[in-house]
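Enquirer: Okay, here's what each chain looks like letter by letter:
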Amino acid sequence: MPCRSVRDCCSKSKVIIMLRNRLLDTAGRMTPIFQRQAHRPLSGITKSKLTTVEVDDKSGIATLSMNFPPVNTLTMELMHDMIDSINEIECNKSRGLILTSSNDKVFSAGLDLKELLNPERKRLEEFWTLFQDLWLALHLCGIPTAAAVNGHAPAAGCVLATACEYRTMLPNLFIGIHATRFSFVISKWMMLSYQSVIPRRVVERALNQGKLFRTEEALDVGLVDEVACNKQEALDKCATFIATFDKANPVARTLTKRMCREPDVRDLLNDRAGDLRDCVDYVTTPLFQEGLCAHLEGLKKSK
Amino acid sequence: MPCRSVRDCCSKSKVIIMLRNRLLDTAGRMTPIFQRQAHRPLSGITKSKLTTVEVDDKSGIATLSMNFPPVNTLTMELMHDMIDSINEIECNKSRGLILTSSNDKVFSAGLDLKELLNPERKRLEEFWTLFQDLWLALHLCGIPTAAAVNGHAPAAGCVLATACEYRTMLPNLFIGIHATRFSFVISKWMMLSYQSVIPRRVVERALNQGKLFRTEEALDVGLVDEVACNKQEALDKCATFIATFDKANPVARTLTKRMCREPDVRDLLNDRAGDLRDCVDYVTTPLFQEGLCAHLEGLKKSK
Amino acid sequence: MPCRSVRDCCSKSKVIIMLRNRLLDTAGRMTPIFQRQAHRPLSGITKSKLTTVEVDDKSGIATLSMNFPPVNTLTMELMHDMIDSINEIECNKSRGLILTSSNDKVFSAGLDLKELLNPERKRLEEFWTLFQDLWLALHLCGIPTAAAVNGHAPAAGCVLATACEYRTMLPNLFIGIHATRFSFVISKWMMLSYQSVIPRRVVERALNQGKLFRTEEALDVGLVDEVACNKQEALDKCATFIATFDKANPVARTLTKRMCREPDVRDLLNDRAGDLRDCVDYVTTPLFQEGLCAHLEGLKKSK
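Residue numbers (the working numbering), protein chains in the order written: chain B, 253 to 555; chain A, 253 to 555; chain Y, 253 to 555.
Mixed in with the good hints there might be a few duds.
For identical chains, the list gives no copy identity; a pair is met inside one copy or between any two copies.
[To be verified] No farther apart than 30 Å at their CA atoms in a straight line, the calculated lysine-lysine pairs in the DSSO-like style are these:
hint	residue 1	residue 2
1	345	499
2	552	499
3	499	440
4	553	310
5	499	553
6	345	301
Worth flagging that the hints you see were computed from the coordinates, not collected in a lab.
Chain B extracted, bound-state conformation (with noise of 0.2 Å):
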């Protein structure tokens, strides 16, 4: 059976009933809410264009490292990518996914601005659908997940770095969704996505002020678990922290990982085209666009 992408399964709007009722197939055994296809090995190095995934042979671990100068932007080229990325290490059963960036100042930059200016409808929906798959990916992922934050991670770069099971962040680095900065209003999946790591109090002051925090800020409210001191001891330390699930069964380790994450889909899921509709709706309205433009010129000058 082929590897069900993300929209696929998503597209049945029966997720939410595969993600509580623990699904079964013909045989009694428990599967994974994404269908894993019979699929190369992975061994070594393989080189996607805009993403690289390593598999470390001894520790079972792949590391998913963004790769698209100059910022990792999230274009809809590189979210694909990641997708199937994270699909791929899925289904061969790696021990553990470590996502991190081949760029030393920054995780991600976030979503691909540009993509929000004067936008062709279509195309917004296609982009945002895309975010949709992305965020779902990584954060049902079945797999134990960790960031290495080695870089930036302001606006969507920190939503897929709340979107991993733990974080481990490198000195002097902000990390933090500053929309409210550029005038957008996030979806409550991504508010979620926040409050599922830091607490209720500090989510909404962070999210109104469109706070970015510095690592050691990170650090105190959760919102990152550990500092290292350097992108080697992040990858070892998001190594460690897989290895503490090694006691665990997987399949009861990834349906026990859905349960908890479950109140963080449920409404996206019964509902993606009145998220992507909200979306659509609010970036396009002038007050949207004036505050974005307003922001891209602040952009420029500041380089």
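Based on the hints, put chains A and Y in the right spot on chain B.
Expert: Chains A and Y in isolation, oriented as in the chain B frame:
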């Protein structure tokens, strides 16, 4: 278009949709949930009967003082004045709202308990609806809000403080929802307001005990954010907090705030009549009336 | 009127409404959710088969000891006795309930796993329903509850402790829900019980890992409230906790407690059959049966 009251808005029973769907006006621009009225500009000091609104011309921040001796008991009149003042401040696009008391010993002593003693049903309904209105006006207020808690804040006094986005408090005061001590069972939305600020485990225990937190305890659990030495310092800290939103787009900020707070108000806005009925049914039980009598007797003796 | 069992109450499928709407009896007085029976007064020591109930005549607090050697495994018989004892203590209007163990090494080893091994469907249904009943009886118990965790509390042992309002624990013990280690996927209500005590982020990680917290770790994350040097000190701390409710009206306290806990029990009370079906479906999969076999083999070897 006139400035619709919270009650008008909510009676349309579509508020929940308005909160969620980000209203657009006919020009495609965002509009806040409560329509703003063209209104005389505030400057200097405006006195209504039981509240004082002072706008700092330099900072643009409005300070709303409860000014109803001896202890700012929330009577129908005071609640009316507060709702009007909040709407006025919101409509005049102040940069923020600071809630405080003209009385240096008591922030607010809470609801007028005499309204709960052998109540006439019609009047009790009016009283409780007004309290719902007041809480909604403050909890969903479009501009940044902060409370300078310069006196004791028991029961509904605490509920008002927790409806703000930030709290600073003077030393040696008490704050908390001690309803069970006078046999009252609070509404779910009051619990959610508490829970938006302090952890669930602390909320349950404090509500069950009827706990009043001393300033230092309140700081420890996060019920207040900072302690100030005197009222001026408390007001200054509130102003500093309000300034943290300077980089955020105001409309995006308002919509984000309401998204964060939507779970707190959802059930109330979906069924205000149900909350009202629960309250009236409970208040008119012999159990509560006996408990309230005993409590009021105790207060008399302690004077 | 007879003391209705939790099961009777819940089968009426109106419990959720009862919880929310604050029941009134025909005289307009509040009544607790589970009707209390005229009952022989407890005094001194009452022995049922597998539990001991001791009421302190001075404090009015009842201590319920699990007394089923060797390790207080939750068999159908022990669960039956516990439910009866909880109902009896509640009906006799004790001032509080302390749950502890007669065994100084093990608080409770959790569910009787033999019931899950190659189960007969009918009996498994009865077993799981009884566990639901036990949790509901303790979680919604009308009087103040506290656990003196004087021995290890893995799995369902931990679930029982978290159903209480306060926990004190002796040093060098383990507590936690380690279900994934024996391939089990817990029900949502067990997750919610955990989450009512410790933060969401900690819950997800601990459940996924199947983590057993040492006493000191449990204190750090808030899973236990205090550490006691010995059993007597643990019991004393529980009694001190129960005394913190002295100023609260008992009925208002009960209704407030149930309002706080309503989100934890809502889904279960609305669909007990669904939770039962999920459990039976999962337990009877080859995946779980193989995982459980391996786990039981491991336990044998470690002896």
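Enquirer: Kindly indicate which numbered hints from before are broken by the structure, ordering the numbers from low to high.
Expert: Of the numbered hints, all hold.
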